[in-house]
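Please model the complete structure; the sequences and the hints are all you need to start from.
Chains as they are written, first to last, in our numbering: chain A, 99 to 412; chain B, 5 to 291; chain C, 39 to 354.
Wrong hints could be hidden among the right ones.
One side only, chain B facing chain C, incomplete, derived with CB under 8 Å [what the hints assert, rightly or not]: (1) LEU22; (2) GLY26; (3) LEU65; (4) SER128; (5) LEU132; (6) LEU139; (7) ILE142; (8) ALA170; (9) LEU173; (10) LEU175; (11) ALA178; (12) GLY261; (13) LEU264.
Read the hints as simulated data drawn from the structure, not as lab findings.
Even for Gly, the Cβ is constructed at its ideal location relative to N, Cα and C.
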Amino acid sequence: MTVLNVTDLRISYGPVQALRGASLTAAAGEVVGIVGESGCGKSTLASALIGLPAPEARVSGRVEVEGRDLVALPETARRAIRGDRVAMVFQDPMTAFNPVLTLGEQLVDFQHRLPAPKAEKRARAAAMLARVGLPDPQLALRRYMHELSGGMRQRAAIAAALLMRPALLVADEPTTALDVTMEAQIIHLLRELRQDHHGAIVIVTHHLGVVGELCDRVYVMYAGEVVEEGTTDEIHHDPRHPYTRALIACDPAHIAGRVERLPTIPGRLPDLTAPPPGCAFAARCPQAGPDCAVPPPRVRVSPTHAALCHRVRP
Amino acid sequence: MSSAADAPLRRPMRLPRLGPMGSTGAVLVAAFLLMALFAPWISPYDPLKLDVMNKLQDPSLAHWAGTDQLGRDTLSRLIWGARTALGIALTSTGIAGAIGLVLGLIAGYGPRWLDGLLVLVFDSLSSLPMIMFALAVITVLGPGTATLILVIVLVSIPGYARLIRAQTLTLKAADFIQAERTMGAGPARILLRHLLPNVVGPLVIVLSMDVPVVIMLEAGLSYLNLGVKPPTPSWGNILYDGYTSLRQQPVLVAAAGVPLVLSTIGFTFLGEGLRDALDPRLKVRPR
Amino acid sequence: MLTYAVKRIGLAVVILFTVMLAMYAMVFLVPGDPASLALGPRATPALKAELIARMGLDQPVQVQVWNFFANALQGNLGYDVWSKKPVLDQILEVFPNTLILGVVALGWALVLGVALGCLAVVWRGTLVDTALGILSVSMIAVPSFVIALYSLLVFAVWLNWLPAVGAGTPGDWGSQARAVILPAFAIGITWVGYLARLVRASMLEVMGANHIRTARAFGLSEARIVTRYALRLAIIPTVAILAVGFGAILSSAVFVETVFSRPGIGTLITSAVAKRNYPVVMGTTLFMTAFYLFVVTAADLIIARLDPRVRDVFRG
Chain A
99 MTVLNVTDLR ISYGPVQALR GASLTAAAGE VVGIVGESGC GKSTLASALI
149 GLPAPEARVS GRVEVEGRDL VALPETARRA IRGDRVAMVF QDPMTAFNPV
199 LTLGEQLVDF QHRLPAPKAE KRARAAAMLA RVGLPDPQLA LRRYMHELSG
249 GMRQRAAIAA ALLMRPALLV ADEPTTALDV TMEAQIIHLL RELRQDHHGA
299 IVIVTHHLGV VGELCDRVYV MYAGEVVEEG TTDEIHHDPR HPYTRALIAC
349 DPAHIAGRVE RLPTIPGRLP DLTAPPPGCA FAARCPQAGP DCAVPPPRVR
399 VSPTHAALCH RVRP
Chain B
5 MSSAADAPLR RPMRLPRLGP MGSTGAVLVA AFLLMALFAP WISPYDPLKL
55 DVMNKLQDPS LAHWAGTDQL GRDTLSRLIW GARTALGIAL TSTGIAGAIG
105 LVLGLIAGYG PRWLDGLLVL VFDSLSSLPM IMFALAVITV LGPGTATLIL
155 VIVLVSIPGY ARLIRAQTLT LKAADFIQAE RTMGAGPARI LLRHLLPNVV
205 GPLVIVLSMD VPVVIMLEAG LSYLNLGVKP PTPSWGNILY DGYTSLRQQP
255 VLVAAAGVPL VLSTIGFTFL GEGLRDALDP RLKVRPR
Chain C
39 MLTYAVKRIG LAVVILFTVM LAMYAMVFLV PGDPASLALG PRATPALKAE
89 LIARMGLDQP VQVQVWNFFA NALQGNLGYD VWSKKPVLDQ ILEVFPNTLI
139 LGVVALGWAL VLGVALGCLA VVWRGTLVDT ALGILSVSMI AVPSFVIALY
189 SLLVFAVWLN WLPAVGAGTP GDWGSQARAV ILPAFAIGIT WVGYLARLVR
239 ASMLEVMGAN HIRTARAFGL SEARIVTRYA LRLAIIPTVA ILAVGFGAIL
289 SSAVFVETVF SRPGIGTLIT SAVAKRNYPV VMGTTLFMTA FYLFVVTAAD
339 LIIARLDPRV RDVFRG
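See the structure below:
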């Protein structure tokens with residue numbers, strides 16, 4: 099069953115076209131990854147997925163969650179969906195919680211859709227904290243954010259998002275703020291959780307390793323567009339778009355043996371106030387030719403695999 | 005050689021962009037400065053000349069703002085009052101700024117024990133309600149212009165010294181100062197060549213924001229007969245004269261408030277404009 | 039929390055002692071002895087000798103300092119040079135008037151200032167915001183005693199709506215309330231400006247924070263976000279500034295009380311300064327410093343209650 103269906107989503111901030119017609123889907127029980135370097139529009143996309151674009155953003159296209167279009171709905175209806183049917187694990191758990199309320203007060207507040215007494219909400223919060231592996235949930239509920247460690251905060255953020263059993267869970271860079279050991283633990287936790295979470299999970303990250311560990315399918319984004327999509331296997335072992343290939347080549351995990359210096363992609367992101375009419379990656383692409391100045395076709399490689407490129411053959 | 009290292013902290017010398025508020029302030033301040041400078045030439049009468057026959061007159065063509073209880077021309081007294089107000093305000097903030105600068109540099113750059121002692125003294129002085137401290141000093145020394153300037157200098161120094169100390173402590177840890185030191189620069193060179201130019205900017209902004217406070221204080225204390233002694237024209241003295249003859253001639257109080265309000269607004273607007281243009285994060289607390 | 043409170047109160051006590059020492063030293067730094075200073079040209083040798091004996095000025099300096107501290111700690115702030123009444127009694131007699139004035143002034147300023155600040159936040163970036171900004175700065179810039187004189191002229195002399203002098207009849211709440219309106223208006227107006235600016239700035243800062251976005255992402259209503267998640271953080275700088283404000287309000291009270299001939303700390307100290315009645319000046323200054331330190335310390339402790347992060351700074 100399709101939980102999330104995004105079609106031709108465009109978002110701009112003033113003259114900046116942050117998202118230029120992105121389309122993607124996610125089904126119940128599926129974990130979908132969105133990868134790209136910073137500035138590719140993935141955080142803008144994440145905000146739109148939970149129906150909370152920045153106030154100054156201009157949005158067009160459709161973001162359907164369980165059949166309801168978040169873009170078209172009025173704010174009150176959107177608010178009723180947020181925190182209930184869709185929830186988000188935020189990037190930086192230190193600043194994502196209120197510093198002057200205890201974790202317990204906030205976790206109880208976040209269940210405001212639930213018609214239940216406060217004690218029950220507190221018990222649910224404690225149970226969820228235990229589920230995500232916080233050692234002493236009752237004590238943690240009485241803690242303020244600055245009294246918890248980075249790993250505990252991230253677990254608490256995940257618990258908060260799961261409290262209402264949302265149909266769609268969006269995790270924005272869930273491991274970026276953590277050190278390597280913590281990152282491994284959180285990935286392990288997310289893997290466990292996908293077993294008993296029946297909704298769809300969308301993980302937004304710049305880290306291909308996280309995608310490989312967790313996701314069923316991957317969307318690769320560049321300059322506000324989805325340039326390649328496919329199963330995790332297809333993306334890792336048969337990347338077709340030159341940008342995806344470059345991204346994998348730059349991932350330290352894929353480099354065998356000693357290298358003099360880490361490879362990088364030369365050049366910079368195009369100016370999103372005036373994006374090129376043709377392929378946005380052409381200026382940095384080793385295979386670019388004159389035909390790249392016209393908009394590239396979306397070439398289907400397999401039923402699940404497609405790339406936005408002139409050079410890709412089915 | 006050192007210029008590359010400290011370049012990011014040096015602001016180029018140029019006129020700051022003042023917003024509409026700052027520009028309004030600048031115009032008002034300029035007007036009052038001109039008034040103070042050219043008081044002898046623009047005031048229509050001698051501000052001290054008595055004319056008891058024509059006391060407490062309504063505004064007329066001869067006396068645009070009327071006359072006071074001794075028949076002195078109010079407009080002339082107000083124009084000369086600008087000289088008193090700005091003279092005292094600029095002198096005392098200037099002296100206080102200079103002393104605060106030196107003490108702040110000593111506290112920030114000197115030995116730890118001296119810093120601790122100075123900070124305790126600054127904190128204690130700023131814990132005194134400013135006006136109480138001023139009144140205590142006036143009691144001991146007796147009222148007068150010199151006492152007034154001394155009092156303003158004394159109550160202002162702690163704030164400036166604390167500002168300079170904080171700036172110095174931050175700068176001391178900055179890379180370019182450390183670099184200078186490893187290259188063998190002595191404390192005198194670091195203080196004069198590097199710290200001083202960088203701490204003066206914020207001080208000037210705070211000083212400009214304090215000028216209206218000092219103008220208020222001068223007028224207030226003169227109003228209480230604890231500041232500038234009559235018959236010297238001061239806006240505070242004139243307000244007091246107006247207060248005593250409030251029921252016979254309300255124009256005197258009404259007129260005397262105008263330059264005081266316009267000048268404090270002018271200096272405040274200018275200070276705000278300077279702050280916004282140069283250092284928006286600088287916090288200024290009320291006094 | 040307890041450690042923090044003890045440290046904060048200890049700091050206040052140290053500062054108070056330093057201030058007392060400084061005040062006492064000041065009298066000895068000036069040329070001439072305090073007795074002739076107080077008596078002025080009217081001093082006769084007999085009067086002077088009596089005053090010296092009464093004030094203990096004939097004793098060695100260390101004994102004098104000791105007595106001064108010992109007496110002050112027991113609540114004895116010395117005696118009026120002329121009326122011979124205890125200074126503390128005179129202070130306590132008028133202090134309630136000043137306290138009422140300060141509370142009323144800060145009270146109405148708080149209500150209006152917070153409201154204007156919130157208005158500016160709601161309409162941020164619009165003409166209303168700009169106008170409120172200019173209005174706030176103007177309110178800050180205008181001296182309170184000029185407002186006092188102008189409001190006296192308009193409301194008491196011309197319109198004759200409100201009393202021009204005094205603090206009202208003791209025991210008559212109505213007349214006391216009427217007497218406090220104009221002075222409180224004059225003192226409060228500066229604070230309307232300060233608070234409006236402060237509330238605007240801290241609300242804008244808090245509303246842009248990440249955790250507000252989280253609260254929105256969990257579908258909490260905007261009203262709940264403002265009252266429970268934002269205001270509690272935005273109010274912290276306001277509490278801090280209100281405490282400082284109490285000190286500043288005392289300054290304006292000195293002038294405004296004089297304008298309205300309202301009995302209070304301000305009128306007490308200014309008349310004492312004019313007569314160089316320095317035991318009264320020193321005693322009042324000391325009393326008000328202690329009071330001010332008390333308010334500031336209390337505010338710091340309240341902030342620590344509101345913001346758990348502050349208490350942990352002192353815990354370590």
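Verification of the supplied hints:
no.	hint	in the structure
1	LEU22	violated, 13 Å
2	GLY26	violated, 11 Å
3	LEU65	violated, 24 Å
4	SER128	holds, 4 Å
5	LEU132	holds, 5 Å
6	LEU139	holds, 5 Å
7	ILE142	holds, 6 Å
8	ALA170	violated, 17 Å
9	LEU173	violated, 18 Å
10	LEU175	violated, 24 Å
11	ALA178	violated, 24 Å
12	GLY261	holds, 5 Å
13	LEU264	holds, 6 Å
Violated hints for the displayed structure, listed by number in ascending order: 1, 2, 3, 8, 9, 10, 11.
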